[in-house]
Amino acid sequence: MTALIPAPTVGSRITRGLGSFVKARETGILLALVLVIVAATVKNPNFLFSSDGFRDLLLTPSILLLVAVGQAIVIITRNVDLSVGSVLGLTAYLTGRLFIDIPGIPVIAVFAIGIIAGGFLGLINGALVAFAKVPALVITLGTLYAYRGINVLWTGSDRINSSDMPASFLALGTQSIMFIPVLTIIAVVVLIIAAWYLRNQRGGRELYAIGSDPAAANLYGLKVTQRLLAAFILCGALAGLAGVLYAARYGTVSSQAGAGYELNAVGAAVIGGVAIFGGSGTVWGAAIGAYLLLTINRALPILGVQDFWQRAVVGALIIGAIVLDRVLALRQAKRLVEARGDLQ
Amino acid sequence: MFGNTRKARVGAFAALAVSVALVATGCAETGDDSGSGDAGSGDANYAITFLPKNLGNAYFDTSDAGGADAIKEFGGTYAEVGPAESGPDAQVSFINTLTQQGVGGIVVSANDPQAICDALNEARDAGTKVVTFDSDTNPECRDLFINQATAEGIAKVEVDLIAEQIGGAGKIAILSSTPNATNQNAWIEIMKTYLASDYPDIELVDTVYGTDDDQASFDKTAALLQTNPDLKGIISPTTVGITAAARYLSTSEFKGKIALTGLGTPNQMRDYVTDGTVTAFALWNPADLGYLAAYAAKALIDGDITGAEGDTFDGGKLGSFTVGENGSVLLGDPFTFDKGNIGDFDF
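Residue numbers (our numbering), protein chains in the order written: chain A, 1 to 344; chain B, 1 to 347.
Calculated directly from the structure, the hints in this document are not laboratory data.
Do not rely on the hints blindly, as some may be mistaken.
Below, a list of computed lysine to any residue pairs in the SDA-like style, where the Cα atoms sit at most 20 Å apart [as the list claims (entries may be wrong)]:
id : chain 1 : residue 1 : chain 2 : residue 2
1  : B       : Lys317    : B       : Gly168
2  : B       : Lys255    : A       : Phe54
3  : B       : Lys339    : A       : Glu26
4  : A       : Lys223    : A       : Gly279
5  : B       : Lys257    : A       : Asn46
6  : B       : Lys232    : A       : Val182
7  : B       : Lys255    : A       : Ser168
8  : B       : Lys255    : A       : Phe179
9  : B       : Lys171    : A       : Gly304
10 : B       : Lys192    : B       : Ala216
11 : B       : Lys257    : A       : Asp52
12 : B       : Lys232    : A       : Asp164
13 : B       : Lys257    : A       : Phe49
Computed footprint of chain A on chain B; a stretch qualifies when at least three of its residues, placed anywhere within it, have a C-beta under 8 Å from a C-beta of chain A [said to hold, decoys possible]:
id : stretch
14 : 207-220
15 : 248-262
On a predicted model such as this, the values are computed, not experimentally measured, just so you know.
Even for Gly, the Cβ is constructed at its ideal location relative to N, Cα and C.
Produce the complete structure using the sequences and hints provided.
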């Protein structure tokens with residue numbers, strides 16, 4: 001990164017900060033997001049300026065944001081976790097069951113159990129990937145079905161209804177503090193911690209190293225197995241937290257809760273500039289990707305785009321992001337080759 | 001039923017184990033008189049067994065309890081058996097066992113229209129009367145089908161409810177399940193026709209699809225309200241859709257301002273009816289459905305009817321019923337749930 005340049009002055013730090021902001025992959029996505037919001041608001045001011053509109057804008061992507069942050073961390077290590085939707089579904093149902101089976105259980109305990117349960121399911125993924133050395137795509141595709149199967153077996157045709165959960169817990173799903181929904185605050189706090197860790201901490205940087213070149217990371221003596229396990233546990237735990245919040249927000253949990261989340265999460269990360277082959281990208285990007293993905297879904301009907309076309313638009317976005325990624329990578333490679341030529 | 005049907009085969013082993021046990025006991029009980037079913041005269045065999053899609057399902061618990069009430073009224077023997085999980089062939093072993101036991105009637109909600117056909121026909125050959133309810137088999141595999149509601153009845157009650165709630169004029173929208181759901185589309189078509197003929201002041205502005213997914217339905221409701229600021233009401237003819245829409249409305253600025261109705265179950269809708277988000281919604285009454293099915297089985301066992309079109313039989317407290325086309329009997333208009341009666345139901 002830019003850490004090689006010694007002791008910058010305050011002025012140069014600001015210009016450089018601005019420069020890297022303009023150049024960052026995330027900026028383009030952020031611009032797209034702003035564009036979508038402005039377009040929808042011009043067409044229908046309620047999109048931003050009604051109390052429901054503003055709340056939903058922040059609230060709707062919050063759960064996906066958590067899952068996407070976990071997913072981004074796993075993708076950065078050159079793996080993928082396709083089971084997050086099933087983990088979310090299982091913990092969402094677990095949340096409802098806890099309230100039914102243990103009347104009066106404190107909400108904080110439910111959060112803790114949900115996160116731990118999610119982390120445990122993530123640990124299974126991580127252990128299979130790290131020790132059995134099977135590609136994560138295959139393992140987590142398997143656990144996607146396995147976890148969902150357990151969910152269906154457990155839930156059957158039953159479902160959790162909002163009357164099964166205490167009102168104070170359900171209120172968390174829609175409540176706001178100073179106009180900012182609680183769910184969004186939770187998601188943003190998680191995002192900031194994750195972003196700080198990945199950028200500034202040794203463990204975080206090692207995840208990038210592993211993703212850039214797993215073999216080299218291993219030869220260099222990085223604790224690859226340990227880091228992979230941690231990444232998967234974290235991803236599972238975030239999906240678990242998202243499951244608890246899902247129950248609070250939607251108030252109804254069937255055995256199919258969270259189905260399809262895995263693809264949204266991967267989509268959000270990829271759109272947000274996390275390279276699918278690992279080693280680059282930020283959780284900020286994934287978070288903005290999550291907002292863009294779901295905000296587009298909400299904005300397109302307002303802009304008069306039909307239901308059926310919305311998926312096509314999302315698909316175009318993902319392909320666009322990957323093409324852009326490829327173009328940038330090729331240009332970078334070319335520049336590096338030229339730079340080497342100059343040296344000789 | 002009316003939501004997603006999940007076809008888990010996991011319960012098959014459990015079902016098999018149970019049925020083996022049942023076969024064993026069944027043989028012991030009915031060894032001698034297995035041939036007497038053909039006689040027809042003499043003491044009528046009012047042993048009627050309910051076979052729901054799966055056990056532990058609140059909907060079928062309610063319907064089968066209605067059947068039990070009816071059977072008690074006419075002095076028969078009620079029993080309920082069924083698989084733990086619904087699956088296309090999960091009911092076959094139960095039907096075979098009941099046939100060997102020589103029960104008078106089987107009242108079944110079919111998991112699959114074809115898979116249990118052979119087993120049911122064997123039962124009928126042995127003199128057992130077969131009534132389907134809630135979910136039919138192919139017509140040639142049963143004597144009667146008790147139909148909970150017709151498409152016309154469902155569409156009409158929902159339009160009437162929304163019209164009443166918005167005062168007969170204004171813009172409404174429909175929140176459906178999937179764009180290719182046959183029953184949903186049939187209902188929506190009938191609603192459009194009925195709206196045009198009976199409520200010209202109501203305008204259907206949009207139909208959106210929540211794909212029977214809680215989250216998608218929830219988000220579609222939000223989008224619907226934003227896209228159409230002057231919307232007066234929403235009809236959601238799917239239990240998942242109406243619950244998600246109610247959940248959204250109950251925490252939004254539109255609570256109590258936008259009318260919501262559709263098909264829902266009392267347990268899912270209880271909170272929203274109590275807090276005033278939803279005034280009334282419709283569904284058939286499963287207890288009545290089970291009750292009528294039991295009386296239909298009795299009429300068949302008595303030999304009063306054969307299941308031919310035009311046959312009439314006594315439905316206990318529900319009055320008299322006539323067999324329609326394809327041996328199906330219509331329960332009646334859908335049942336409307338509101339604040340006053342929702343406390344009486346648990347399914």
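Can you list which hints this structure breaks, lowest number first?
Per hint list: 1, 3, 6, 10, 12 violated.
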